[in-house]
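Peer 1: Sequence:
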Amino acid sequence: MALLVVGVMACGADLPPDLRYATPRATLGTLFEAWGVDARTAADVEARKARGRGFHLSDPASFRGCFADWEQPADEALAGYVFGVLAPAKDALRVVPGAERTLVFAEDAPPVVLRRDEGGWRIVLGESVPASTRRHLGEAARELETERAP
Numbered sequence: 355m356a357l358l359v360v361g362v363m364a365c366g367a368d369l370p371p372d373l374r375y376a377t378p379r380a381t382l383g384t385l386f387e388a389w390g391v392d393a394r395t396a397a398d399v400e401a402r403k404a405r406g407r408g409f410h411l412s413d414p415a416s417f418r419g420c421f422a423d424w425e426q427p428a429d430e431a432l433a434g435y436v437f438g439v440l441a442p443a444k445d446a447l448r449v450v451p452g453a454e455r456t457l458v459f460a461e462d463a464p465p466v467v468l469r470r471d472e473g474g475w476r477i478v479l480g481e482s483v484p485a486s487t488r489r490h491l492g493e494a495a496r497e498l499e500t501e502r503a504p
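Numbered according to our numbering, the sequence shown spans residues 355 to 504.
Mixed in with the good hints, there may be bad ones.
[Claimed, not checked] Computed list of lysine to aspartate or glutamate pairs in DMTMM-like fashion (alpha-carbon distance at most 25 Å, straight line):
1) K403 with D372
2) K403 with E387
3) K403 with D445
4) K403 with D462
5) K444 with D372
6) K444 with D429
7) K444 with E387
8) K444 with E454
9) K403 with E430
10) K444 with D413
11) K403 with D392
12) K444 with E461
13) K403 with D413
14) K444 with D462
15) K444 with E499
16) K444 with D392
17) K444 with E430
18) K444 with D471
19) K444 with E493
20) K444 with D398
21) K403 with E461
22) K403 with E493
23) K444 with D423
Read the hints as simulated data drawn from the structure, not as lab findings.
Model the full assembly from the supplied sequences, consistent with the hints where possible.
Peer 2: Okay, here's the thing in structure tokens:
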């Protein structure tokens, strides 16, 4: 069996696609599942958010895999912003598909952009988080780093 696997890999055979990111909707489902809100209604998510109760990230690797341009620790806040926009509207998201780029609209928020890459569909933080929000969250992350520095 091991020889078969090595032989297939040596022949350059394509690996099967990661189904977690195979379509834009699959990526959104993976995002929600990683935070444990996939089985919750949008109303439940909103109510929990309004009460100041958070959610537990149960699958950090899958969550991070949802994003195309997560490159530095501060991007975690940008990813959290995207989750915060999408999760409360998850039952009413409007998905506008495209061949290489898909837009996801949540009520009263700028669109979240997904792009297709070699591994599937990923959310593009640089196009999904407004510039003013990126600046604000970046400043907050730098301040936090400064406070933690010895």
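Peer 1: Would you mind marking each hint as holding or not holding in the structure?
Peer 2: Status of each hint after checking the structure:
Simply put, K403 and D372 have alpha-carbon atoms about 31 Å apart, too far for the 25 Å limit, and the pair is violated. Proximity of K403 to E387 is assessed by CA-CA distance (about 17 Å); at most 25 Å being required, the pair is judged to hold. The straight-line distance between the Cα atoms of K403 and D445 is roughly 16 Å, inside the 25 Å bound, and the hint therefore holds. For the given pair, K403 sits about 17 Å from D462 by alpha-carbon distance, which is consistent with the 25 Å threshold.
With a C-alpha separation of about 22 Å, the suggested pairing of K444 with D372 holds against the 25 Å cut-off. With a CA separation close to 22 Å, the supplied pair K444 and D429 stays within the 25 Å bound. Among the hinted pairs, K444 with E387 is consistent with the structure: their alpha-carbon atoms are about 12 Å apart, no more than 25 Å. A hinted pair counts as satisfied when its Cα atoms are at most 25 Å apart, and K444 with E454 qualifies at roughly 22 Å.
With a CA separation close to 19 Å, the supplied pair K403 and E430 stays within the 25 Å bound. At roughly 19 Å between alpha-carbon atoms, K444 and D413 fall within 25 Å of each other, so this suggested pair holds. Straight-line distance between C-alpha atoms of K403 and D392 comes to about 15 Å, which keeps the hinted pair within the 25 Å bound. Only pairs whose Cα atoms come within 25 Å are accepted, and K444 paired with E461 is accepted, the gap being roughly 10 Å.
Taking the CA atoms of K403 and D413, the gap is about 20 Å. The hint holds against a cut of 25 Å. As the CA atoms of K444 and D462 are separated by approximately 13 Å, the hinted pair is consistent with the 25 Å bound. Under the criterion of a C-alpha separation no larger than 25 Å, the hint pairing K444 with E499 is inconsistent with the structure, at around 32 Å. For the suggested pair K444 and D392, the alpha carbons sit about 9 Å apart, so the restraint of at most 25 Å is met.
Our distance criterion of 25 Å between C-alpha atoms is met by K444 and E430, whose separation comes to about 20 Å. Note on K444 and D471: the hinted pairing holds, with a Cα-Cα distance of about 24 Å set against a maximum of 25 Å. A hinted pair counts as satisfied when its Cα atoms are at most 25 Å apart, and K444 with E493 does not qualify at roughly 29 Å. Between K444 and D398 the CA atoms are separated by roughly 11 Å; this keeps the pair inside 25 Å, and the hint holds.
At most 25 Å may separate the alpha-carbon atoms for a hinted pair to count; K403 and E461 meet this at roughly 16 Å. Distance hint between K403 and E493 is fulfilled; the C-alpha atoms sit about 24 Å from each other, no more than 25 Å. In summary, the hint linking K444 to D423 is supported, as the alpha carbons are separated by about 22 Å, within the 25 Å threshold.
Hints 1, 15, 19 from the earlier list are contradicted by this structure; the remaining hints agree with it.
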